[in-house]
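Student: Residues per chain are reported as follows:
Number of protein chains: 2
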Amino acid sequence: MIRIAVDAMGGDHAPGAVVDGALLAAKGLGVEIVLVGSKEAVDRELSRRSVRDSAIQTIHASQVVAMGESPSATLKKRDSSMMVAFQLMKRGEVEAVVSAGNSGAMMATGMFVLGNLPLVDRPAIMVVVPTLLKGAVIIDAGANVDCKPHHLVQFGLMGSIYAEKVLGIPRPRVGALSNGEEEGKGNDLTRAASEQLRSTPLNYIGYVEGRDINSGGVDVVVCDGFTGNVALKTMEGVAGFILQVLKEAFRENTLTRLSYLLSRGALHRAYNRLDYAEYGGAPLLGLNGVAIVAHGGSGPKAIKNAIRVAKETVAHDVNRLIVEVLERLGETHKEDGLPHKVWRHIRSKIDKISERPAAEGEGRENKSGGKG
Amino acid sequence: MIRIAVDAMGGDHAPGAVVDGALLAAKGLGVEIVLVGSKEAVDRELSRRSVRDSAIQTIHASQVVAMGESPSATLKKRDSSMMVAFQLMKRGEVEAVVSAGNSGAMMATGMFVLGNLPLVDRPAIMVVVPTLLKGAVIIDAGANVDCKPHHLVQFGLMGSIYAEKVLGIPRPRVGALSNGEEEGKGNDLTRAASEQLRSTPLNYIGYVEGRDINSGGVDVVVCDGFTGNVALKTMEGVAGFILQVLKEAFRENTLTRLSYLLSRGALHRAYNRLDYAEYGGAPLLGLNGVAIVAHGGSGPKAIKNAIRVAKETVAHDVNRLIVEVLERLGETHKEDGLPHKVWRHIRSKIDKISERPAAEGEGRENKSGGKG
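As you go down the protein sequences, you meet chains A and B in turn.
Anchor point for the first sequence: position 246 equals 241 in this note's numbering, and the numbering is continuous, going up by one each time.
Anchor point for the second sequence: position 342 equals 337 in this note's numbering, and the numbering is continuous, going up by one each time.
Just to be clear, a hint being listed does not mean it is correct.
Any copy, or any two copies together, can satisfy a pair, since identical chains are not distinguished.
[To be verified] Restricting the straight-line Cα-Cα distance to at most 16 Å, the calculated cross-link-like pairs of lysine to aspartate or glutamate (EDC-like) are:
#, residue 1, residue 2
1, K180, E64
2, K180, D141
3, K296, D270
4, K85, D74
5, K129, E159
6, K143, D183
7, K296, D7
8, K143, E190
These are calculated hints, taken from the structure and not from any lab test.
Source: prediction; values computed, not measured.
With the rest of the complex left out, here is chain A (with noise of 0.2 Å):
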């Protein structure tokens, strides 16, 4: 049975609707949880709903890492529950960490604890949500605000085996995301990101604009972290405006009224197709572990959509998917293959993994290394 750990005191809710997702998932996803923070609060909240259920464990941590703090305040608490989770990954005794924490204090632990995956350079954030089809990914949502070129080629990849292993989608029809679809359209970035995604062996679709997100017409969409942040926020914003709207339109008089009583069941599930907790947790792709992070706004719901795509993530094998494909594009593709830069960059781990000597010119960056 797959184990994961909970951070039971990160998000706005916790660490009540933390325990309540735990249970729901327990019950509901035949995973093991270890909820990870105060053991006092906790237990308590166990006690509260005097549930007894043997797949739940709790470890106690004696910090609690805060929404606003910077990685490196965050990186002093030794003892978060954050830290102690990822330790536990670390160790063996876990395969996953959930949190519904801060995101770029789960990144820099994460990071901290076990590093990235051999071959990837910069883990990034990966969002599922909602289209009028199976869902689509944006890849990077914010951990990385400013990028080069390969690093959303590295993006591409594996926010590709995802939506093929996790979310099923065959071929995943993969774009960058930019302010226009015609190929002289595009940013600095952009322009050689996408010129180097097209000698992948990725199913490049070219550019996308922010219109297509929803629309089903991408699987997944790249970006650097600042924009795919922008565009994931101003996707809440809008909706949660047209809910607004809406919601003072049924208020407007009896009748109004009496139409939304009938409507009421689908309208439900029409809201809950654009509810983000539906689609669970962000993982974080890259880091060499499973780390998924939930909304700061989760509920009990959310929590355990995100053990859930813990836990998909973990039997889907992700993670060595990632490493193999990143490894065979070093070998199949030489020089001429793939653009240089990357090809240089994917080879060059390669050798340092392989740990065979660069030949010359080694000696004398040791030394010169020494003086550092």
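Given chain A's structure and the hints, the job is docking chain B onto it.
Tutor: This is chain B only, laid out in the frame that chain A set:
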């Protein structure tokens, strides 16, 4: 009476929808319209409606700018409806140009015929989006994909003047669009721009996020044209997606269909609050003239509202105010006030305008300049 040139050939539904929009505007807004385009096509549309409105005039142009066309291809068409319209403005025969055509071509043609306002480096597309309150503006929504920090400062100044004078928002709150509200967030561009914005007389409130755009918490959202375009099209995409999901919900069964009938009026009013057509066109701020881009899919109502925006921009003398504020800023903010770079930049522009010799060094510059 304000006289406005309208590109009769621009947009997906031209010339029919444009002619209808122009008629609505001539009747409802008290403006004179010059329809520019194929005289045959426009006159056919006018005679089909069998109206004779003395406030509407037609001027022939033999060429049409296509939607996907590059700026360089556009500028070769010296008799396009867009080019002829801008030349009318250049000669002082109209005070504004409105087109639902290719926005990149509009900007290129506007720059070619009119140039930019003194002190403005980069004209920008400004879009008004609906909010729970009065509406907010996004600037730049797509003209400049790669920007320098001082461009964003100028966008903030222009957007703020427009929001105050045309939208009637006293002391507009200006925010820089970013991936988080904390100071540590942002990318290289926004961090530098934010620092510069803080030292202007603008009512700068710091970073805002995608979810703040529609909330009413900010009046002027400043960003580079790449980010602004992604945000804007994401808003469009999400709105379309939600409306589609709602439509399906109301079609579910007899009860939901009945429910729709009962609240149709209220839902229609809600839809109008969200509809871009209600907000009219997007001014190209910073051009040495008034140019308004309407949405490519504009129907008659959207065309009419774009003409209304043109009229208001002329009536409030937005361009004169922009120049005045930039001049005053250059005078009152000595080197220790505004960040040095912005100041120096504005100062050099003022120097150029007042045509004072730039003292020592200028002779040398002229000599080496002669070689190029």
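Student: Are the hints correct? Go through all of them and say.
Tutor: Checked hints:
1. K180 x E64: between (37 Å within a copy, 12 Å between copies)
2. K180 x D141: between (19 Å within a copy, 11 Å between copies)
3. K296 x D270: within (11 Å within a copy, 33 Å between copies)
4. K85 x D74: within (15 Å within a copy, 69 Å between copies)
5. K129 x E159: within (11 Å within a copy, 44 Å between copies)
6. K143 x D183: both (10 Å within a copy, 13 Å between copies)
7. K296 x D7: Intra 14 Å, inter 44 Å, cutoff 16 Å: intra-copy only.
8. K143 x E190: Within one copy only: 13 Å inside a chain, 24 Å across chains, cut-off 16 Å.
In summary, this structure violates none of the numbered hints.
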